[in-house]
Amino acid sequence: AQTVTQSQPEMSVQEAETVTLSCTYDTSESDYYLFWYKQPPSRQMILVIRQEAYKQQNATENRFSVNFQKAAKSFSLKISDSQLGDAAMYFCAYRSEGAQKLVFGQGTRLTINP
Amino acid sequence: DTGVSQNPRHKITKRGQNVTFRCDPISEHNRLYWYRQTLGQGPEFLTYFQNEAQLEKSRLLSDRFSAERPKGSFSTLEIQRTEQGDSAMYLCASTEGAYEQYFGPGTRLTVT
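Residue numbers (this note's numbering), protein chains in the order written: chain A, 1 to 114; chain B, 1 to 112.
Be aware that one or more of the hints could be misleading.
Claimed, not checked - With a Cα cut of at most 25 Å, we get these calculated SDA-like pairs of lysine to any residue: (1) Lys11/B to Ser42/A; (2) Lys78/A to Lys11/B; (3) Lys11/B to Met89/A; (4) Lys57/B to Arg95/A.
In case anyone wonders, no lab produced these hints; they're calculated from the structure.
Every value quoted in this text rests on a predicted model; they were computed, and no experiment measured them.
With the rest of the complex left out, here is chain A (with noise of 0.2 Å):
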């Protein structure tokens, strides 16, 4: 079964200044989605960005990118120019090519200090 690993319970980063949350994840498949969920305080979650394991280009979405390294399993986020609506739970999440579920990391707190 595959598993999703976030290392990091909690993280806090300076307003504008850069971050970057882990994930690893264990699977013996070569096909999978990779996904960064943001769930706000009492707010629902949404997508921030995804990852297809056949695209060796890492996926950017305005200030959010990711480091995918295929190889090491490894996942990371960084957020750019970091704003306080950045602040909330971050999770990992990985989908099998041709299955349904979802699997998601533990999730990492994400503080921003003014």
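Chain B: place on chain A using the hints.
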């Protein structure tokens, strides 16, 4: 359509009672998912529907749990004879088959 909705948002029940939650997906989405999230943890998959067919169930979905999606529209999740261990946030998500699952706000269940 403003997104996935779930009702109720909060439910407090006594141990042994039955509870039912409702999820209304985004209208054109044919796939619907239920997840459970306990405090400080990531969501865990419970079950998945494509239209009205329940195609996958997790081992977490014990015999006390049942989910339905009549006519492929809204879905209900029922928990019979609730236990304190059932206390969690129950999340619903939907998709039309693309990459992203759109999540609802969740139903927080507290079993006393």
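Does Arg95/A sit within 25 Å of Lys57/B, going by the straight-line distance between their CA atoms?
Satisfied, since the Cα-Cα distance of roughly 16 Å is no more than 25 Å.
Does Lys11/B lie within 25 Å of Lys78/A when you go C-alpha to C-alpha?
Between Lys78/A and Lys11/B the Cα gap is close to 37 Å, so the pair fails against 25 Å, i.e. violated.
Below or equal to 25 Å on CA atoms is what counts here, so check Lys11/B against Met89/A.
holds (23 Å)
Restraint check for Lys11/B with Ser42/A, where alpha carbons must lie at most 25 Å apart:
holds (15 Å)
Violated hint: 2 only; the structure is consistent with all others.
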